[in-house]
Amino acid sequence: MSRLISRRHLAAAAALRRSPAAAAFASRWLHTPAFATVSPEEISGSSPAEVQNFVQGKWIKAANWNWIVDPLNGDKFIKVAEIQGAELKPFVESLSKCPKHGLHNPLRAPERYLMYGDISAKAARVLGQPEVLDFFAKLVQRVAPKSYQQALAEVQVTQKFLENFCGDQVRFLARSFAVPGNHLGQMSNGYRWPYGPVAIITPFNFPLEIPLLQLMGALYMGNKPVLKVDSKVSIVMEQMIRLLHDCGLPAEDVDFINSDGITMNKLLLEANPKMTLFTGSSRVAEKLAADLQGRIKLEDAGFDWKILGPDVQEVDYISWVCDQDAYACSGQKCSAQSMLFMHKNWSASGLLEKMKGLSERRKLEDLTIGPVLTVTTATMKEHTSNLLKIPGSKVLFGGEPLENHSIPEVYGAFKPTAVFVPLVEILKSDNFELVTKEIFGPFQVVTEYSDDQLELVLEALERMNAHLTAAVVSNDPLFLQEVLGRSVNGTTYAGIRARTTGAPQNHWFGPAGDPRGAGIGTPEAIKLVWSCHREIIYDIGPLPKKWALPSAT
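The numbering used here numbers the first residue of the sequence shown as 1 and each following residue consecutively.
No lab work stands behind these hints: they were computed from the structure. Remember, it's a predicted structure, so these values are computed and weren't measured experimentally. No residue lacks a Cβ here, since even glycine has one placed at the ideal position from N, Cα and C. It is possible that some hints are incorrect.
Stated by the list, open to error - Distance condition first, Cα-Cα at most 30 Å in a straight line; then the derived DSBU-like pairs of lysine-lysine:
id	residue 1	residue 2
1	K97	K76
2	K287	K344
3	K61	K232
4	K100	K122
What the hints assert, rightly or not - Estimated spans, in silico, between C-beta atoms of each pair:
id	residue 1	residue 2	range
5	S46	E286	36 to 46 Å
6	E400	A348	57 to 67 Å
7	W59	T379	31 to 41 Å
Build the full structure now, drawing on both the sequences and the hints.
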C-alpha cells in the first residue's frame with residue numbers, strides 16, 4: 001500500500017508542475033483511497049473505467065468487453081470484462097476445490113473465525129474514514145444515480161455492519177449447544193455448519209450494501225463464495241474487494257465474476273454450489289429455484305404496502321415519509337412503497353396535497369429523481385394508461401416523463417407518480433394483477449377505505465404474492481393488532497413513525513411466508529442463509545458393567 005501511495009504522490013507531483021488541468025486531475029487522485037483503481041469524478045466517456053474479474057487469487061480480464069452506458073447522458077463510460085461460457089473453467093475449478101465442510105467450521109480451522117473478526121474491524125476502520133465514505137458514495141452515485149444523502153447512507157449502513165462483526169462476534173455466529181444424553185458418555189451437540197461452495201447474485205439498486213453484507217455473511221460462516229453483481233454497477237464491489245484484500249481477506253476465499261445471466265446460469269449448473277443466494281426479480285428467482293432444485297435462498301420482488309390507520313396525526317411527517325418511501329432512489333428499492341391504503345379520515349388532512357408538493361421538489365440536478373435502470377419511460381407511461389382505464393381511477397400527480405434531460409432511452413425518466421384506484425375496483429379479478437404489478441421506479445397506487453372496508457384491505461393483502469416490507473401507520477393498539485395479526489410481510493414497521501424503506505443494519509430485512517426467504521444484516525439472517533444445522537451425538541461409553549448380548553429384535 002505504501003508503494004502505491006508513493007507512486008501516486010510522485011505522479012501527482014509531476015502533474016502539478018505541468019498544467020492547471022493536470023493539477024486538477026492530480027488533486028483528485030491524491031484524495032482517492034490507496035486501494036482504488038478508479039476515481040469516481042474521472043469516469044466518463046472520454047476516460048472510461050475498467051472492471052475485471054477475480055478468480056483463484058488473481059485479477060483477470062476476459063475476451064469480451066461489455067460497455068456500460070452512462071445513465072445520465074448515454075456515453076459509454078465503463079467497460080466490464082464479461083466472462084463467456086468457454087472461460088468458466090477456472091471459476092468451476094475454484095469452487096470445486098472447496099469441500100462441503102467449508103473453509104472453516106466449529107471443528108476445523110476455528111482460528112479463521114477470529115481472522116474474519118479482525119478483517120471486519122480493519123475494513124470498518126478504513127470504510128469509516130471520511131475520504132473512503134465519500135469515495136464509495138460518489139461511486140455508487142455514478143452508476144446507480146441517487147442523491148448523495150441516499151448513497152452515503154448506503155455506505156454508512158455497510159460500515160456499521162462491519163463494525164457489528166468485529167472481534168469475537170464472528171465466532172459467536174457459530175455458537176453451538178449441547179443436550180445431555182440417556183446414559184453416561186452420551187451427549188448431543190448442535191452446530192451451525194457451512195455449505196462450502198456457494199454463489200451470490202445481487203442487483204443494481206444497492207451496489208455496495210446488498211453484495212457486501214451477503215458476501216461477509218457467507219465468509220463468516222466458513223463458505224467459499226463466487227459473487228456476481230449486476231454488471232451495470234459491479235465496479236463498486238470490484239473496488240470493495242480490493243479494499244478487503246488490503247484488510248487481510250485471503251485472496252483464495254472469494255471469486256468475483258462479471259457475466260450475463262445465461263453464462264452465470266451455466267456456471268451454477270456446472271460448479272454445483274451447495275447454496276445460492278439470489279436477490280432480484282421474481283421471474284429469475286423462480287427459474288433459478290427450479291434449475292438448482294431448491295438449493296437457493298431468495299430475496300425477490302417486493303410489492304410493498306402501507307396502511308394509514310384511522311388516527312390522523314403528524315400529517316407533515318407522514319407525508320414526508322410517504323414521499324421518501326415511494327420516491328427516494330427514484331423508487332428503485334425492493335422496499336419502496338408500492339401501494340398506499342389511506343383511511344378516509346386522512347382525506348381532509350391535506351396529506352395528498354403535501355405529498356404532491358414534496359414530489360415536485362425532486363430534481364434531476366441533485367438526483368432526488370433520476371434514471372430508472374430497469375423500467376423504460378414507455379413502460380411506465382403504458383402502465384399509467386392501463387390503470388386509468390379502471391373506473392374511478394385518476395392521476396393524483398406525475399404521470400409524465402421527465403423533461404430537459406439527456407437520460408438515454410434504454411433507461412426510464414419519469415416524474416414521481418401516484419395513481420388513485422378505488423378499493424372495490426382493485427379487488428376485482430380483472431384488475432388485481434394489473435394494480436399490484438410492481439413498477440421498479442417512482443410509481444405508487446393510492447386508494448382509500450372506510451372502517452367497514454378494513455376487511456377488503458386485509459383481503460387485498462392476503463391475495464398479494466410478495467411479502468417483503470410493509471408499514472402500518474397508527475398508534476391505535478387494537479388497529480395495529482388486527483392488521484399485524486392478519487398479515488405476513490417479513491419486515492413490517494408499525495406505529496405512527498412506520499415506514500417501508502430505510503432498513504438499517506440492526507434489524508432483520510427479508511421476506512416472510514416462503515421457506516426460501518433470505519434475510520440480511522443480522523446474526524439471525526446470517527445463520528439462516530449461510531449455515532445449516534448439524535447434530536453430532538457423542539457416545540463414548542463406558543458400557544454398563546453387566547452388559548450382555550441381547551436377544552435379536
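Comparing the hints with the structure gives:
Restraint check: the Cα-Cα separation between K97 and K76 comes to about 37 Å, which exceeds 30 Å; the hinted pair is violated. A distance of roughly 41 Å separates the Cα atoms of K287 and K344; the hinted pair therefore is violated under the 30 Å criterion. With a C-alpha separation of about 17 Å, the suggested pairing of K61 with K232 holds against the 30 Å cut-off. With a CA separation close to 29 Å, the supplied pair K100 and K122 stays within the 30 Å bound.
Between S46 and E286, the C-beta spacing of about 42 Å keeps the proposed range 36 to 46 Å intact. One distance hint, 57 to 67 Å for the beta-carbon pair E400 and A348, is violated here, with the actual separation near 28 Å. Here the CB-CB span from W59 to T379 is close to 37 Å, well matched to the stated 31 to 41 Å.
Going through the hint list in order, the structure does not satisfy hints 1, 2 and 6.
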